[in-house]
Each structure stands twice: as C-alpha cells, then as structure tokens.
Amino acid sequence: MALSIQFPEPDFKMPAEVPLFAVRHQTWTRESAITLARRLEISSEAVDAGLWMIARDKRAVLELYQATQSFRYSRLDLDGEGRECAERRLDWDEARKVAQAWIEPFLPVEGHAEVITITERELLVSKRRGDEPRATIIALDVNYVFTIDRFPLLGPGAKAKVSVHNTGAAAGGYLFWRTVAPISSVPTIPLEELFRRFSSSPLFTHLTDDNARAEVRSVRFGYLTIPPTEPMSALIPALELRGTISTEAQPRYDFIVHVAASELPEPGRAKEARLVNARSALLIA
Amino acid sequence: MGTIGIEWVQKYNGLQADLSNTKAQAEGFYNTLNATRQFNWGDDLAWDQDFEESGVGLPSGGTDTTWADNVDFVFFSGHGSPNGFLFGVKIDDAVAKPSEIRWGNRQLEWIALDACNVLERDGVFDRWGWPVFRGLHIILGFHTTTGDEPDRGRLLAQYLNSGWSVRDAWIRCCQDTEDSGTWWAYLRADAAGTDTYNDHWWGAGTVSPDPANPTVLAYLRGTC
Numbered sequence: 004m005a006l007s008i009q010f011p012e013p014d015f016k017m018p019a020e021v022p023l024f025a026v027r028h029q030t031w032t033r034e035s036a037i038t039l040a041r042r043l044e045i046s047s048e049a050v051d052a053g054l055w056m057i058a059r060d061k062r063a064v065l066e067l068y069q070a071t072q073s074f075r076y077s078r079l080d081l082d083g084e085g086r087e088c089a090e091r092r093l094d095w096d097e098a099r100k101v102a103q104a105w106i107e108p109f110l111p112v113e114g115h116a117e118v119i120t121i122t123e124r125e126l127l128v129s130k131r132r133g134d135e136p137r138a139t140i141i142a143l144d145v146n147y148v149f150t151i152d153r154f155p156l157l158g159p160g161a162k163a164k165v166s167v168h169n170t171g172a173a174a175g176g177y178l179f180w181r182t183v184a185p186i187s188s189v190p191t192i193p194l195e196e197l198f199r200r201f202s203s204s205p206l207f208t209h210l211t212d213d214n215a216r217a218e219v220r221s222v223r224f225g226y227l228t229i230p231p232t233e234p235m236s237a238l239i240p241a242l243e244l245r246g247t248i249s250t251e252a253q254p255r256y257d258f259i260v261h262v263a264a265s266e267l268p269e270p271g272r273a274k275e276a277r278l279v280n281a282r283s284a285l286l287i288a
Numbered sequence: 033m034g035t036i037g038i039e040w041v042q043k044y045n046g047l048q049a050d051l052s053n054t055k056a057q058a059e060g061f062y063n064t065l066n067a068t069r070q071f072n073w074g075d076d077l078a079w080d081q082d083f084e085e086s087g088v089g090l091p092s093g094g095t096d097t098t099w100a101d102n103v104d105f106v107f108f109s110g111h112g113s114p115n116g117f118l119f120g121v122k123i124d125d126a127v128a129k130p131s132e133i134r135w136g137n138r139q140l141e142w143i144a145l146d147a148c149n150v151l152e153r154d155g156v157f158d159r160w161g162w163p164v165f166r167g168l169h170i171i172l173g174f175h176t177t178t179g180d181e182p183d184r185g186r187l188l189a190q191y192l193n194s195g196w197s198v199r200d201a202w203i204r205c206c207q208d209t210e211d212s213g214t215w216w217a218y219l220r221a222d223a224a225g226t227d228t229y230n231d232h233w234w235g236a237g238t239v240s241p242d243p244a245n246p247t248v249l250a251y252l253r254g255t256c
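Heads up: the sequence lines are chains A and B, in that order.
At position 228 of the first sequence (counting the first as 1) the number is 231 in the working numbering, and the numbers step up by one without a gap.
At position 95 of the second sequence (counting the first as 1) the number is 127 in the working numbering, and the numbers step up by one without a gap.
Hints are computed from structural coordinates only; laboratory data are not their basis.
Ideal Cβ positions, reconstructed from N, Cα and C, are used throughout, including at glycine.
Listed next, the stretches of chain B that the computed footprint assigns to chain A, with coverage defined by at least 3 CB atoms under 8 angstroms from CB atoms of chain A: (1) 39–46; (2) 49–56; (3) 143–157; (4) 173–184; (5) 187–197; (6) 204–210; (7) 238–250.
Put together the whole structure using the sequences plus the hints.
Okay, structure coming up:
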C-alpha cells in the first residue's frame with residue numbers, strides 16, 4: 004500500500020499567477036572588485052581563481068562569486084575558533100547593530116532584507132574522556148533572509164550573514180544575491196496537484212504505510228534560488244514543504260523539499276530559450 | 033598526492049526514504065579533488081562495514097582497513113542520525129555506529145559525513161569522541177538536518193584545491209549550499225606536536241602530523 008502523507012491546511016492562498024523574475028547576469032569587473040575591496044579595506048587586487056575572484060591581504064580576504072553578484076568577506080587575523088580571546092559574552096542587540104552597520108551599504112535595492120535569526124557560533128573543547136566539555140561562544144551570527152514582492156526567497160542563493168566576533172568586530176560576512184527584474188507572469192499549479200507531485204516523488208518510492216509514516220508540517224510559497232556559484236536565468240516559483248518521515252531504522256528524518264510551483268520548460272525548450280538551470284536538481288518537478 | 037574514496041546511497045530499499053542527489057554530490061567530490069581515486073561505492077554496494085573496525089562493537093565484521101581507513105579523505109553522502117550514518121542494505125546492520133569505528137590507525141585523516149544530525153551537539157564527545165580518533169584529524173558533518181543537494185562535494189573539492197584549510201573549505205561549501213536554518217559542524221583532534229586546525233589537502237598547504245593519541249578534541253558549529 005502506498006505511503007499516506009498528512010498535509011497541513013495551508014495558511015495562505017496560492018496565487019493563480021505570479022511574477023517571473025529574470026536574473027540579470029552581471030559579472031564582477033576588475034574595477035568593481037577593486038572598489039569593493041577598498042571599501043572593505045583590503046589593499047590587494049582581486050585575482051581570478053575559477054569560481055571566484057579573490058583579493059587577499061594579511062588582514063582579510065574577499066571572495067567574489069563569478070556567477071552572481073555575491074561575495075564573502077573574512078578576517079584572517081582573527082582565530083576561527085576564538086582561541087585568542089578572553090571569554091566575553093556578546094550582547095545580541097550589540098551584535099545586531101554591528102551587523103546592520105556592516106551589511107547596510109551592500110543590501111540590494113530590489114529585495115527586502117530582514118534578520119531571521121541570531122545564532123551562536125559555539126566551540127566545545129574536551130581534554131579528557133568523560134569530562135564536561137568547556138563551551139565558548141566565539142561569535143554571534145546575524146542571519147538575514149530576503150523577500151521580493153513580499154514573496155520569500157528560498158534555498159541557499161539569497162541570504163546574508165554577518166559574524167560578530169566576541170571582540171565586537173565583524174569577523175566576516177557574506178551577501179548571496181542575484182540582480183533580478185520582473186519580466187512577465189506565469190500561472191501556478193494548484194496546491195492539490197503540487198501535493199500529489201510531492202507524494203509521487205522518488206523520496207517515497209520504497210515506502211508504504213506498513214513500513215513508514217510521513218507528515219508535512221509546514222508549507223510556504225516562494226522563489227527557489229540555487230548556490231551563488233551557479234548561474235540561473237530566472238528565480239523558480241516553488242513550494243517549500245517541511246516535515247518528517249519515520250521508519251523503524253530512522254524514527255525521525257526531518258526533510259525540506261521544494262516542488263516547482265509552475266510548469267518548468269523541458270530541457271530542449273529551456274535551451275532554445277537560453278534558460279540556464281531552469282530545472283534545478285533541488286526541485287521536484 | 034593524497035588518496036580518496038566515496039560512498040553514497042540513494043536507494044534505501046524501504047529502510048529509509050530514498051534520496052536523489054547523493055550520487056552527484058559524492059561524485060562531484062571524487063571527480064574534482066586533485067587526488068588519487070581509490071573507491072566509489074554506491075547504493076547496494078555501499079556497506080556500513082566498509083567504515084568499521086574489525087573486531088570492534090556489534091556486529092564486529094568491519095573492513096575499514098581495506099576501505100575507509102585505507103585512504104586520506106572519505107566522503108559519505110546519505111542519511112544519518114546522531115547515532116551513525118545509514119546504508120540501504122543489511123550486509124552488516126546498515127548503520128555505521130561510532131561504537132564500531134576506529135579511524136586513523138591506518139591511513140584516514142579526514143572524513144566528510146554529508147548526512148543529517150551525525151554531529152549533533154549534545155553528547156557528541158560521548159558518541160564520536162575519544163575512541164574514534166586513532167590518528168584521524170577531523171570529522172566534517174552537520175549538527176542538524178541537511179538538504180539532499182548535488183553541489184556540495186564538488187564545491188568542497190574546489191575550495192580544497194584552492195588552498196583553503198579543511199575546516200574553512202567545509203564551512204564555505206556548506207554556506208554555499210544550505211539556507212541559514214542548517215548548522216554545519218566539525219570535530220577535530222590534536223595532540224602534542226600536531227596542528228589540525230591548519231590542515232590543508234595534500235599538495236595545497238600544510239598537513240599536521242597524525243594525532244595518534246589525542247590530548248584535546250574541539251567541536252565547532254555554526255549556521256550556514
């Protein structure tokens with residue numbers, strides 16, 4: 004017997020059609036790389052290193068993603084495990100202010116950023132078996148997500164982070180982003196059909212009501228973004244489902260799955276239309 | 033040049049939910065890292081005993097000296113839990129459990145366990161701590177659930193080839209491929225005269241001597 008999956012009652016109404024956001028491909032140039040490096044007080048020029056352009060001096064390194072407008076900044080003069088610092092407890096409000104001041108100049112104009120979480124970067128050290136490990140919070144990570152036209156951007160390719168070191172300095176940060184613009188509208192697939200596609204996905208091929216239980220706990224609509232190292236031609240309308248699958252061997256597998264919420268072009272048609280990564284492997288189509 | 037092996041599971045034969053991208057993820061690592069490739073076992077040919085020590089734990093039929101502990105870096109992609117990482121066939125019991133594992137007493141320096149929750153914070157030293165590290169430098173993994181995605185292995189290899197330290201490469205490839213709800217983690221060992229914090233892939237920077245008898249274990253976690 005096929006596996007029965009419980010779905011929650013969605014707390015939103017699926018729009019019949021949604022904007023299609025095209026990604027404007029902008030590459031880093033030597034000049035734009037120099038400008039950003041100088042703003043971040045890095046004295047050297049960026050060199051081409053394949054997926055990235057990298058500017059590095061003794062104090063910090065800047066990685067510019069060649070496929071997108073994304074970048075990552077890291078201080079090199081601060082220990083990555085906080086081993087040189089006194090054990091000072093950072094204040095969350097202070098961390099948020101440091102993070103906002105650092106990221107503000109770089110935030111994209113077409114997306115709305117908000118802090119989703121502040122998380123602790125924690126080091127545990129054990130010096131003997133059985134002893135209680137010593138725990139140190141070495142930094143607070145201020146994590147940003149983006150919305151565009153009030154729709155959340157899902158996946159790894161649109162987010163930002165500032166790591167505030169326990170000295171109070173911004174020890175690093177990144178902004179993952181692609182410049183986008185609405186070009187048209189696309190019809191969406193009804194929720195019931197999206198649930199059906201999810202239920203018949205390869206995830207459940209060998210599971211039945213006799214050997215497993217599955218529950219979807221939350222559903223939301225947004226646009227899927229892929230890693231900042233990869234090119235993509237358009238943001239992909241998608242449903243994000245979070246839930247749990249239980250089997251005897253693994254009582255709790257918490258999954259996050261994305262289902263394409265509009266019909267994706269067949270590979271041949273996508274190529275003819277010069278669409279890159281229109282059918283991400285992250286998606287159930 | 034260092035040696036590598038990979039194991040991955042997409043087809044769980046009803047033991048767990050199937051996965052879609054573990055083959056691409058692990059083979060991305062295998063085909064990208066500047067290394068000598070030693071083994072690539074997937075689905076029904078990926079076995080928990082390949083990671084386990086002979087004569088240790090139950091069942092005790094480990095063969096790691098032929099496979100996982102016979103190369104410098106191993107990448108596993110599949111399901112996991114705090115108590116081990118999971119396979120799709122019961123050649124042994126389909127779970128590589130820390131109580132059956134001793135790594136580094138032959139060759140292994142680094143292992144990436146690209147599987148949910150294996151390095152969950154609470155109790156991590158009791159599960160994956162002292163007995164497991166017999167010369168092993170670092171275990172890379174996740175404190176939380178992680179995504180079924182195809183790019184992380186290739187990106188890890190690209191960061192390693194570019195000269196990032198092993199720990200920096202792992203943090204970077206996790207940030208590139210997960211949203212900030214996912215937590216990366218690693219567990220590393222040190223001893224007198226070792227410095228695994230600054231470990232690099234062979235040929236791309238310094239590599240610490242093996243901490244055969246560790247005096248300190250350090251665990252770090254953060255959001256992607």
